[in-house]
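Undergrad: This is what each chain is made of:
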Amino acid sequence: MASILKVNTFTGASTAGSIAVTGEGNSTTTNLQQGLCKHWININGTGTIATRDSFNNSSITDVNTGTYKFTFSNNMANDDFCAASIGKMNRGTDNNGGSNGVNTSDGEDAVNTTDFTVAYINVASQSDVDVGYAGGHVRGDLA
Amino acid sequence: MASKVEVDELAGAGSAGVMTVVGEGGSTTTSLQQGLAKMWIQFNGESTISTQDSFNRGGLTDDGTGLYTVTFTNNMSNDDFAAPTGFNAVGAQFYAASTSSVQLRSTNSGGSAVDVTIVSAAVFGDLA
Chain A
382 MASILKVNTF TGASTAGSIA VTGEGNSTTT NLQQGLCKHW ININGTGTIA TRDSFNNSSI
442 TDVNTGTYKF TFSNNMANDD FCAASIGKMN RGTDNNGGSN GVNTSDGEDA VNTTDFTVAY
502 INVASQSDVD VGYAGGHVRG DLA
Chain B
248 MASKVEVDEL AGAGSAGVMT VVGEGGSTTT SLQQGLAKMW IQFNGESTIS TQDSFNRGGL
308 TDDGTGLYTV TFTNNMSNDD FAAPTGFNAV GAQFYAASTS SVQLRSTNSG GSAVDVTIVS
368 AAVFGDLA
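Protein chains in written order, with the working numbering: chain A, 382 to 524; chain B, 248 to 375.
Each hint should be verified, as a subset may be incorrect.
[To be verified] Derived list of chain A stretches under chain B, where covered just means 3 residues or more per stretch with a C-beta under 8 Å from a C-beta of chain B: (1) 385 to 391; (2) 407 to 413; (3) 496 to 510.
Everything labelled a hint here was simulated from the structure, so no lab data went into it.
Virtual Cβ for every residue (Gly too), placed ideally from N, Cα, C.
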């Protein structure tokens, strides 16, 4: 029994896109493909927005103040995926904490097979705000 | 050296639930099991709530305005897991946890609970 397996690609033998993995408790299995993050990104959302690092991201769009769209390199199979946002506001006299989420309030579709959009507001002023750290991560079915 | 392996199930050789993968830098390893989401879901939390898509979701309960419970098909070993969220709401809260479920709460800018159309959450931790 090999203790180290060197391989470039895993594919399911019965179904290419489905491989079971034994869980931490050694009693149940989870699914490799379903558990993998299909996209993640960390951007600077102030000034000219810029990607710090990312996975499966082809482009970013500054939709408007505090709202950013992330476009995938490899698309999702549907728009029912789980998308979570991350963010951080720079604290100052004008900032009293921030909040972020998957967004639809600016007329953008929040989740599509090709992209998803996140938005940030200043909780104190209730206004949209650009943030130094914005991003998100996606779980779901690749196309 | 195989460049492609076709397999239906992976398990650790030393301990079934422990497998490592060499990281991007080529010098350290990360845990395969710990890196996998053990549950994820997207659902519509308005009116009659409905799951759009999910993994390892056993059930979904509307606990009241802006309050939802997702139960697992395969439970976690403890209630200390992480649950990142993404709602189309100002507040997207990981509200409560047990080995068999996670409770989520959405709020408006005033902090009051509110139903929303997109509720997304994932769970990272140890499977039972």
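Undergrad: For each hint, tell me whether it holds in the structure or not.
TA: Outcome of the hint check:
Note: the segment 385 to 391 of chain A has 6 residues with beta-carbon separation from chain B under 8 Å; the three-residue rule is met and the coverage holds. Here's how the segment 407 to 413 of chain A fares: 7 of its residues keep a CB closer than 8 Å to some CB of chain B, so the rule of at least three is met and the hint holds. Coverage of the segment 496 to 510 of chain A by chain B holds. Counting CB-CB distances below 8 Å, 4 residues qualify, and the rule asks for three or more.
The structure fails none of the hints (numbered hints given earlier).
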